[in-house]
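In the order they appear, the protein sequences are chains X and C. Counting from -2, one number per residue, gives the positions in the first sequence under the numbering used here. Counting from -2, one number per residue, gives the positions in the second sequence under the numbering used here.
A couple of the hints might just be wrong.
Because identical chains cannot be distinguished in the list, a pair is counted as satisfied if it fits within a single copy or across any two copies.
Unchecked claim - With a straight-line Cα cutoff of 20 Å, these simulated EDC-like cross-link-like pairs (lysine to aspartate or glutamate) come out:
id: 1; residue 1: LYS51; residue 2: GLU61
id: 2; residue 1: LYS88; residue 2: GLU105
id: 3; residue 1: LYS98; residue 2: GLU9
id: 4; residue 1: LYS98; residue 2: ASP7
Please keep in mind that the hints were generated in silico from the structure rather than gathered at the bench.
There are 2 protein chains.
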Amino acid sequence: MANLHDIAYDMEQAIRNSDEYQTLTKAYKEVNEDDIAKKMFDNFRQLQLTLQKKQMTGQQITEEEAQKAQQQVQLIQQHEVISNLMAAEQKMSMLISDLNKIITKPLEDIYGKSGDAS
Amino acid sequence: MANLHDIAYDMEQAIRNSDEYQTLTKAYKEVNEDDIAKKMFDNFRQLQLTLQKKQMTGQQITEEEAQKAQQQVQLIQQHEVISNLMAAEQKMSMLISDLNKIITKPLEDIYGKSGDAS
Ligand SMILES: [Ca+2]
Ligand SMILES: [Ca+2]
């Protein structure tokens, strides 16, 4: 059995070589080379983060904020390089989640699905 | 280069075989076989979770709760099987954190250290 850290480095390299990572890298580059797309995408991410932070700290999200987020999603989906990036991010996120499910199985066997010891 | 999922299964197996995991499994079993230790540990975990939830939702932690947590830590540290378990958990958590640092490097290269795209 190879050393755990060696396996981690193999996994790092295999992630870099994966279709998912290659596609994501390309999609991210395309958004960053398109000034308008980049600005739209940055604004959208910023709003998402603000709303997430509010939710996590139990603050109320106003109807105005919810509407603004909805409008930005619609605007963004019409922009091809951005919708490509969001699709690529989702595929990458599914891959990472798959890998995590496998890797965290030993700890689940001890603690159960929640990951805590109670 | 081996398939990503194959590498993940190799990593799962290597985690199971690691000293850290073997020690954690043994320490967890010993606490669970000791009724008093188990009850103390469960109470402690429960209190920790309650306080964490409060912090994450921006609620105030009362002085009474902070004192209670402090007392439980002191009580628990005197119980050998529990302090063994907590030490084993910390070593396991450091190992997982090391592996995660390696595996998440490709995504950091795209998004930067924070993991978001902004
Ligand atoms: Ca592939
Ligand atoms: Ca070892």
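Hints versus structure:
1. LYS51 <-> GLU61: within (14 Å within a copy, 28 Å between copies)
2. LYS88 <-> GLU105: Between copies only: 17 Å across, 24 Å inside.
3. LYS98 <-> GLU9: both (16 Å within a copy, 10 Å between copies)
4. LYS98 <-> ASP7: both (18 Å within a copy, 13 Å between copies)
Checked against the numbered hints listed earlier, the structure breaks none of them; every hint is satisfied.
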